Each structure stands twice: as C-alpha cells, then as structure tokens.
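Protein chains: 2
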Amino acid sequence: MKTPVHIAVSGAAGQIGYSLLFRLIGGGLLGDQPITLSLLEVPQSIGVLDGVAMELHDCASPLLSGVTCHSDPEAAFADADLVFLVGARPRGPGMERRDLLEMNADIFSVQGKALNRSAKRSVKVLAVGNPVNTNALIARCNAPDIPPENFAAMTRLDHNRVVGLVAARCGCNPGDVKHAIVWGNHSTTQYPDLQHATVDGIPVLDGVGRDWYEQEFITAVQQRGAEVIRTMGRSSAGSAANAALGHMRDWVLGTPEGEWTSMAVCSDGSYGIEPGLMFSYPVQVRDGAWRIVQNLELDAFSREHLKATEAELLIERDMVRHLIP
Amino acid sequence: MKTPVHIAVSGAAGQIGYSLLFRLIGGGLLGDQPITLSLLEVPQSIGVLDGVAMELHDCASPLLSGVTCHSDPEAAFADADLVFLVGARPRGPGMERRDLLEMNADIFSVQGKALNRSAKRSVKVLAVGNPVNTNALIARCNAPDIPPENFAAMTRLDHNRVVGLVAARCGCNPGDVKHAIVWGNHSTTQYPDLQHATVDGIPVLDGVGRDWYEQEFITAVQQRGAEVIRTMGRSSAGSAANAALGHMRDWVLGTPEGEWTSMAVCSDGSYGIEPGLMFSYPVQVRDGAWRIVQNLELDAFSREHLKATEAELLIERDMVRHLIP
Chain A
6 MKTPVHIAVS GAAGQIGYSL LFRLIGGGLL GDQPITLSLL EVPQSIGVLD
56 GVAMELHDCA SPLLSGVTCH SDPEAAFADA DLVFLVGARP RGPGMERRDL
106 LEMNADIFSV QGKALNRSAK RSVKVLAVGN PVNTNALIAR CNAPDIPPEN
156 FAAMTRLDHN RVVGLVAARC GCNPGDVKHA IVWGNHSTTQ YPDLQHATVD
206 GIPVLDGVGR DWYEQEFITA VQQRGAEVIR TMGRSSAGSA ANAALGHMRD
256 WVLGTPEGEW TSMAVCSDGS YGIEPGLMFS YPVQVRDGAW RIVQNLELDA
306 FSREHLKATE AELLIERDMV RHLIP
Chain B
6 MKTPVHIAVS GAAGQIGYSL LFRLIGGGLL GDQPITLSLL EVPQSIGVLD
56 GVAMELHDCA SPLLSGVTCH SDPEAAFADA DLVFLVGARP RGPGMERRDL
106 LEMNADIFSV QGKALNRSAK RSVKVLAVGN PVNTNALIAR CNAPDIPPEN
156 FAAMTRLDHN RVVGLVAARC GCNPGDVKHA IVWGNHSTTQ YPDLQHATVD
206 GIPVLDGVGR DWYEQEFITA VQQRGAEVIR TMGRSSAGSA ANAALGHMRD
256 WVLGTPEGEW TSMAVCSDGS YGIEPGLMFS YPVQVRDGAW RIVQNLELDA
306 FSREHLKATE AELLIERDMV RHLIP
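Protein chains in written order, with the numbering used here: chain A, 6 to 330; chain B, 6 to 330.
Pulled out of the complex, with its shape left as it was, chain A reads as follows (with noise of 0.2 angstroms):
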C-alpha cells in the first residue's frame, strides 16, 4: 500500500471545509491515493467537527486511512504534507477592513508559528480564508524554516469564475479557455485579464470584443463574489472548495502541458511587483515547483490595473507589519 499523504485542514467544520473534506476523501484531489486528514477548529467548534469526523468515517472511504481533530494548530500540523488554511474571521457588523486584517493576521501569525515547529519542511501551505493574500504573507513570514515557495493564497476562484463567465459569453466548454490570468489580490481590485487568453487558439478578445472586456466583465468577475451571496444568501462554499482542490491539485500534480493557472504566490519582482508580497500570477507547475511566466506582454491598461492591485496589497501589508518579523 502506498504510504497515506498527511492532509492538514483549518476551518473544517465551516462550510468550505465541509465541501473540501469530502472531496478529498473521494479521491478528487489525489486521485488513488491514501491520506490522512487532520482537521483544526476553534475550540467552540469542536463539537461540530467531532460530528463532521464521524460522517468522513460514515463514507467508508477506502483512501481514508485516519482522521484527527484538533483545537491546537502545532498538533494540528505535525508532519503535514499538505495544508489548507481555510478557516478565518469573517467580517462582522460595524468592523472596519483593518480589524479584519488585524483580526486574521493574529489567526495566521499562530499558524505560521506552528506550521514552522511542527509541519515537514516540504509542506505546501495554501490559504484559503479571507484576506487571503496577506494571510498568507503572515503566515509565510511566521515561518521562517519553510522555504517561501512552500506558501500560495487561492486566487484559482478568480480563474475559474473568468473561464466560467468566458465560456458561457463564448457558448464554448470551460475546457477550451486557455491562458485566462488573474493578477493581484483576491479583491476587488483583483484583474481578470482577457489579453492572453484564447478559445480553441483564437484570441478570447477577438471574440467578445474589447468594450465588453473592459466595461462589463472585469466588474463582473471582481463582484462575482458578492453577486453570489446576493442571489444564494451565503457566501460561496462548494466553488470554493472546488477551487482550493484545483489550485493544490496543480501545485502537485503540475499544470496541464502548455496550460497555466493563477496563484498568489510570494513575488520576486516580476512584471514590476513589491518583491515579498502575495500577488496572483499565471504560474506553470512542473514537478511540485510553481514558476511565474514570463515575458508576457502588457499594455497600459494592464498595467495600470497591476498597479492598483498592487497598491492595495502594500497598504494590507502596512496594517499587519507589526506581525511580520
């Protein structure tokens, strides 16, 4: 038997943990492989993911070889293999955007901390919870012994909600979007870029045209999010979850031959971007290793909107650098 690949969870009683968990016990991220799932939750929750173990048992998953749950993050990712770092304050009534970042960057400077004494040295960490971007940045600087590659923060969401939209726009199947990019935060000022991105080898842009581009669709992937929680009541959770298996799906397995995807990952400068900070790039992965393509054009308007994504994510880090070592 193959030896189980140790999968650690945050937030897993919450609703995109939930999603997760059981996808990953099908196979969905991994395949035909074993693992074993150990689940963090605040202690108030304990409970609840006490019964959310007994399900993942109730599935009698022949690739579920054990399941723990944990209110203690260094126990939580002891020799983990793989991290999602799904669960994170959401925003509460009369809360400014500082509290949040205060609030998070608090949750994830612990993790990092953990995650640095008790999780393999080759673990891949991958954020999910909001804000993403500098969660992840705390979390990655919290961790001085794991390499900065080791972290990303999920801006795949993005990605697959331009492919989606894309699609449908173009009547074409989901898989025949290639090069679709998501630059920046997962934010509003996020940029869904149409430029590079093409239909069965034709030019998306050719297609819908640059004024549907520029005036309707970039607006509707950056308020995609919000539109859900409008039509459903709540926030995205299965798309999410679906999205944060793509993303560790790739980072492991690799991208599809000719193929990229968006990651927020730890920026060495290119295209311009404050070394150190989480930024989404289209990264190709090959043999566990992200690297950011290079050499893609970009005019004004792109960047432009690199500009104002990055500003944004500069002013998040300045409202935790007192977290950042």
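Read the hints as simulated data drawn from the structure, not as lab findings.
Just so you know, these numbers come straight off a predicted model, no measurement behind them.
Incorrect hints may have been included.
Note that identical chains are pooled: a pair holds if it fits in a single copy or bridges any two copies.
[Said to hold, decoys possible] The calculated DMTMM-like cross-link candidates involving lysine to aspartate or glutamate, where the alpha carbons are at most 25 angstroms apart (straight line), are: (1) Lys7 / Glu302; (2) Lys7 / Asp205; (3) Lys183 / Asp37; (4) Lys118 / Asp104; (5) Lys7 / Asp104; (6) Lys7 / Glu317; (7) Lys7 / Glu101; (8) Lys7 / Asp181; (9) Lys7 / Asp304; (10) Lys7 / Glu264; (11) Lys125 / Asp323; (12) Lys125 / Asp292.
We have chain A already, so just place chain B on it with the hints.
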C-alpha cells in the same frame, strides 16, 4: 465528444443536494463523462438555487455541459437518464409520523407522475429524501410506464456506516470489509447484518464477537444518524451525498466482482418479504441491472429482524395507500 448524461436532482439547494452537485461535476459519479444537470427546488428556494447554479458555473468544470433550474418537476425530469430525489419535507415540531409520511407521499406522488410523463423510460431514479423507502414506493407506483426496477431507495449510507464501524472495530481499511448487508427500512428498524461479512476473507463475527454485534453494533448503526445530529447539531449531508453517489455509481457501472452492496429495491418476495415493498437487500449489479443476492442463510435472529423491519414498511404503506394507484 461523448453525449452528456442528463442528471436531475430534486432538493438541489438543500445541504445534501449541495454536497452532491459539486461531486457530480468533479467526475465523482461517472468519471470523465460529460453531464448536464437539471435542478429542482420548491418555488421559495429558487433564488438560492440560482446562486447554486452560479457556483456550479464558477467551477469551470469541463464535464458540465449545462445547468437548468426548475420549480416544475415535469420540466426538471424531462429526458433524464439519472434522477436523485433528494428533496423531502423534514419532520417539524408537533408532526406525527403519519403527517410526515403523508406530506412526503404527496410530494413523491407528484414527482412519480412527472417522471412518468417526461423522463426517459430507461431512467434510474434514486430516492434519498426520507421516509425514503415509502417515498420511493409512491414514486414508483405513480410512474406505471417506467419499469419498477428503475426505482431504488437509498440505504447505502447505512451500509457505509456498517462498513466504517466494522473497520474501526477491527482496525482495518474499510475496503477490506466485504459482504455487509443492511436489510429493510432506512429507519431504526433496519437490520445491519454482519453474519455474512468478512475482513480479509475471515468472518467478521469471529473477530468482533456475537455479543458486541447483537448488543452494541446493531443499535449503533440504527441510531447513527441521530448520534451525528446530536454531535454535529445538524443532519448528515456530506456522508449522505457520498452514499447517493456510491449507490448510483454501482447501479450504473456495476458492483465490484465478488462484492455486493445494499439497495432498497422492489421486493419480488425474496427472503419471504411482501412483494412490491421497497426493501433493502444485498444486491449485485451487472450492465445497469440489479439482482437480489439469493440463498443466503438466515438464522432465527436474522429472520426476526427482517420481519420487524418489514412490519414497519407494511404500516407505512398502509398509511399512504390512498396515493398508491
């Protein structure tokens, strides 16, 4: 490209439906096979359902060829290949079991008639919503032009719980537990039977002992759903969706060689059960057709338990007889 398989799901905005849909579009049912989804909800949940459909688009799954939302069952079931009847009225405060049965009998008689008018004659209909055996009976009896063997009720969650509990007790992988059976009604009268079950070819009862089986295990399985609710504060959803997926997958693709599973299907009188009841039996599936495993030896203990769960199903049937044409 392969022709999409058309799948209808009722109660698609509920917790079980929501868990099921994202696994369907991830290929969890039929693998690399395109599907179209037709989602049914009560009118007051259509807004939520529209949000769910947005989230499905946001997965950009190459397997999803289309999604439609409906409040009319006949439209929802049109040309369906596979149907999951997940939606059902839960038991409210002050409701008697008779009220619950009648209310759901109304829903499932309407849906049976709708299936009869618009679904493919080869449709496979799996009832998941409770009281599931009798709901399936009503749907089947109201769809006289669809072969009765095309209807089933889900006892797979009970079956999986049996396997999971045995695996935990024996310290083995759930995949090593074979030939478990759940007989009868998906209720507290169900009979989880380990008398034919093996682990690695060795009889389970040799390992766990008859006392544990009779005095702890049977009640634990019968009460497992209630225990999950007590622990988690809500009903099983992810594990129920997982079971629905497992049932339908085995029904379409066949049970593994030498194995069987538990499905509530139209009794032909096997094991002395009243013909026509939807009774959970051990079944094997080849080429999309189930057959009840025959000639299993039942001792007095087993026969008594089969009679008890049959008696409950007969009472349920009598309560809704006015809706059985």
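Quick rundown of the hints versus the structure:
Taking CA atoms no more than 25 angstroms apart as the test, Lys7 paired with Glu302 passes in neither setting, with 44 angstroms inside one copy and 38 angstroms between copies. For the identical chains of this complex, Lys7 and Asp205 are inter-copy neighbours only, at 18 angstroms across copies versus 39 angstroms inside a copy, given an alpha-carbon limit of 25 angstroms. With identical chains, the CA atoms of Lys183 and Asp37 are at most 25 angstroms apart between copies only, with a shortest distance of 19 angstroms across copies and 27 angstroms within one. For a Cα distance limit of 25 angstroms, the shortest separation of Lys118 from Asp104 inside one copy, 21 angstroms, qualifies, whereas the shortest one across copies, 55 angstroms, does not.
In this assembly of identical chains, Lys7 and Asp104 lie within 25 angstroms of each other by CA distance neither inside one copy nor across copies; the values are 45 angstroms within and 51 angstroms between. Proximity of Lys7 and Glu317 under a CA criterion of 25 angstroms is satisfied in neither setting, with 44 angstroms inside one chain copy and 45 angstroms between copies. Proximity of Lys7 and Glu101 under a CA criterion of 25 angstroms is satisfied in neither setting, with 48 angstroms inside one chain copy and 51 angstroms between copies. For the identical chains of this complex, Lys7 and Asp181 are inter-copy neighbours only, at 16 angstroms across copies versus 34 angstroms inside a copy, given an alpha-carbon limit of 25 angstroms.
Taking the closest pair of Cα atoms, Lys7 and Asp304 never come within 25 angstroms of each other, the shortest separation being 49 angstroms inside a single copy and 40 angstroms across copies. With identical chains, the CA atoms of Lys7 and Glu264 are at most 25 angstroms apart between copies only, with a shortest distance of 23 angstroms across copies and 29 angstroms within one. In this assembly of identical chains, Lys125 and Asp323 lie within 25 angstroms of each other by CA distance neither inside one copy nor across copies; the values are 30 angstroms within and 61 angstroms between. For the homomeric pair Lys125 and Asp292, the shortest alpha-carbon distance inside one copy (17 angstroms) is at most 25 angstroms, but the shortest distance between copies (46 angstroms) is not.
Violated hints, in rising order: 1, 5, 6, 7, 9, 11; the structure is consistent with all others.
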